[in-house]
Amino acid sequence: MAKSTTPHLEPAPKPKRGRPRKGSLYYAKSGWRARITIDVDGVPVQKSFDLETHDRAAARIKLKRLLAERALTESLTEEAKRTETFSEAAKRIVDASGIATKDARLERLKKYAFPSFGMKPVDTIRAGDIAEMLDGVAAADQSRQQCVHLRNDVSAVLGELWRAEMLPENVAAKVRIPKHARVDRRERAVLTDEELMGYLAWQPPQPKRQPAVLERQTMACVSRMFGGLRLGDIRAMRWEAFSLPDFAMGWAPRKKTARPQLLEVPAMLRPILADWWERAGRPTTGPIFPVRKGKRAGQQRKPSSPAKALRRDLMRAFGVQKPEVVQLARSNGRKDTRVRWVAARELTARERELFTDTDFTRKVEFHSFRRAFKQALADAGVDLQTSLALSGATDIKAHTRYLTNTAKMRSLPAAALPNFSIAHAETPEPESEDPNDLGCRRSDLNRRPHAYEARALTS
154 MAKSTTPHLE PAPKPKRGRP RKGSLYYAKS GWRARITIDV DGVPVQKSFD
204 LETHDRAAAR IKLKRLLAER ALTESLTEEA KRTETFSEAA KRIVDASGIA
254 TKDARLERLK KYAFPSFGMK PVDTIRAGDI AEMLDGVAAA DQSRQQCVHL
304 RNDVSAVLGE LWRAEMLPEN VAAKVRIPKH ARVDRRERAV LTDEELMGYL
354 AWQPPQPKRQ PAVLERQTMA CVSRMFGGLR LGDIRAMRWE AFSLPDFAMG
404 WAPRKKTARP QLLEVPAMLR PILADWWERA GRPTTGPIFP VRKGKRAGQQ
454 RKPSSPAKAL RRDLMRAFGV QKPEVVQLAR SNGRKDTRVR WVAARELTAR
504 ERELFTDTDF TRKVEFHSFR RAFKQALADA GVDLQTSLAL SGATDIKAHT
554 RYLTNTAKMR SLPAAALPNF SIAHAETPEP ESEDPNDLGC RRSDLNRRPH
604 AYEARALTS
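Residue 598 in my numbering sits at position 445 of the sequence shown, with consecutive numbering throughout.
FYI, nobody ran anything at the bench for these hints, they're computed from the structure. Any given hint might turn out to be false.
As the list claims (entries may be wrong) - With a straight-line Cα cutoff of 16 Å, these simulated EDC-like cross-link-like pairs (lysine to aspartate or glutamate) come out: (1) Lys409 to Asp256; (2) Lys550 to Glu518; (3) Lys455 to Glu260; (4) Lys182 to Glu205; (5) Lys264 to Glu285; (6) Lys327 to Glu260; (7) Lys446 to Glu368; (8) Lys264 to Asp288; (9) Lys409 to Asp208; (10) Lys475 to Asp489; (11) Lys516 to Glu504; (12) Lys408 to Asp256; (13) Lys475 to Asp512.
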């Protein structure tokens, strides 16, 4: 047998698996310093860098930057002295804040503040930078409340740096909200109980659409009857938070205030939750309304709004749109049947309030079920303290704003009206046939004719 002429190859040496070099921090008179190991001509050398800060959190951020730039030895000294940018400080401070709405705060900062001055060092940010950003937000037709939220977000970051003595002042405190920011004080349209009942009785004709519609109908019932839950609370609801299988008690997450609340489940809501539980396979753990499809199926939903889908359901349930079967021809010659929804009739005055913005109201959204819950408590005569507790509200001003559209606020009590009756009084006709002769003196022409007659109800 001939010997193989293929040369023998030695296996490549495996890289040494040592502990990753994470560096260390230590405090000196000048402030925090970083000690990291760098390679100089292939030889590991330990070096120390002055981070020029007395804040430990800021020192950790600078240490991470040094480790990322470790290969560029000549730039490490400048990197150690560099002040962190607003975006770096915001991510660090918001993540460590622990507030329930930190995700929403960081999203607002990423969308509006970071493009404006996110790359500027925090010690170079001026009040004019923040004011210019807010002017742009207001010019983009964002609401005044959005500007208030955004100023508070920036102030929270700069205020934390000021308290850590990394900034001489919080310049966000000088900034005012733009006067031209949009303020919309119109009431939101709220479904009546009869309209909600009509929506719950409706089912789409397409079988593949029925699970999504049933989910929105169940979520609407939960918000309307179980503590007026916000949409974020409904997304965070879990099966283990309820007493199974009777659903007698349950925990409302209250994500905005971070105060979970134990509430009794109304008897009317229990069969609805039990039916949804049976359809889900009687689980004992996990989110009640999880992602239904895709790679994240079964996981908790991310923030999103079903407002458009809700209005679409209502328009079809109320008969504003009707299904129309159409035949579609595929490229392979096969025919497919689809259901298309088309306009069936014109909107009524009430439907225009629900589905469009009018001069007096804004269209219905999912948060309207929370408004309906609070307004129903007021109409039932529930006192303010109990109403605040049942709805999980902490701000009395925001709570009472929902109550201006209750049934009790629409009609004036009889005791508050004047104590007399109003009757129509006829105006006497002129006796003369001359159309230019009104049968009265010229001085009476400027007087308003008496069209009504008032009579006292009591002597």
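How the hints compare with the structure:
At most 16 Å may separate the alpha-carbon atoms for a hinted pair to count; Lys409 and Asp256 meet this at roughly 11 Å. Using a Cα cut-off of 16 Å, the hinted pair Lys550 and Glu518 is violated, with the two alpha carbons roughly 21 Å apart. Between Lys455 and Glu260 the CA atoms are separated by roughly 13 Å; this keeps the pair inside 16 Å, and the hint holds. Restraint check for Lys182 and Glu205: satisfied, since their Cα atoms lie roughly 10 Å apart, inside the 16 Å limit.
This hinted pair checks out: Lys264 and Glu285 have alpha carbons roughly 15 Å apart, not beyond 16 Å. Annotation: proposed proximity of Lys327 to Glu260 is violated, straight-line Cα distance about 23 Å (limit 16 Å). With a C-alpha separation of about 13 Å, the suggested pairing of Lys446 with Glu368 holds against the 16 Å cut-off. Of the supplied pair hints, the one linking Lys264 and Asp288 holds, its CA atoms being roughly 15 Å apart against a limit of 16 Å.
Between Lys409 and Asp208 the CA atoms are separated by roughly 30 Å; this puts the pair beyond 16 Å, and the hint is violated. About 20 Å separates the Cα atoms of Lys475 and Asp489, which puts this hinted pair outside 16 Å; it is violated. As the CA atoms of Lys516 and Glu504 are separated by approximately 9 Å, the hinted pair is consistent with the 16 Å bound. Among the hinted pairs, Lys408 with Asp256 is consistent with the structure: their alpha-carbon atoms are about 12 Å apart, no more than 16 Å.
Between Lys475 and Asp512 the alpha-carbon distance is near 28 Å, which puts this suggested pair outside the 16 Å criterion.
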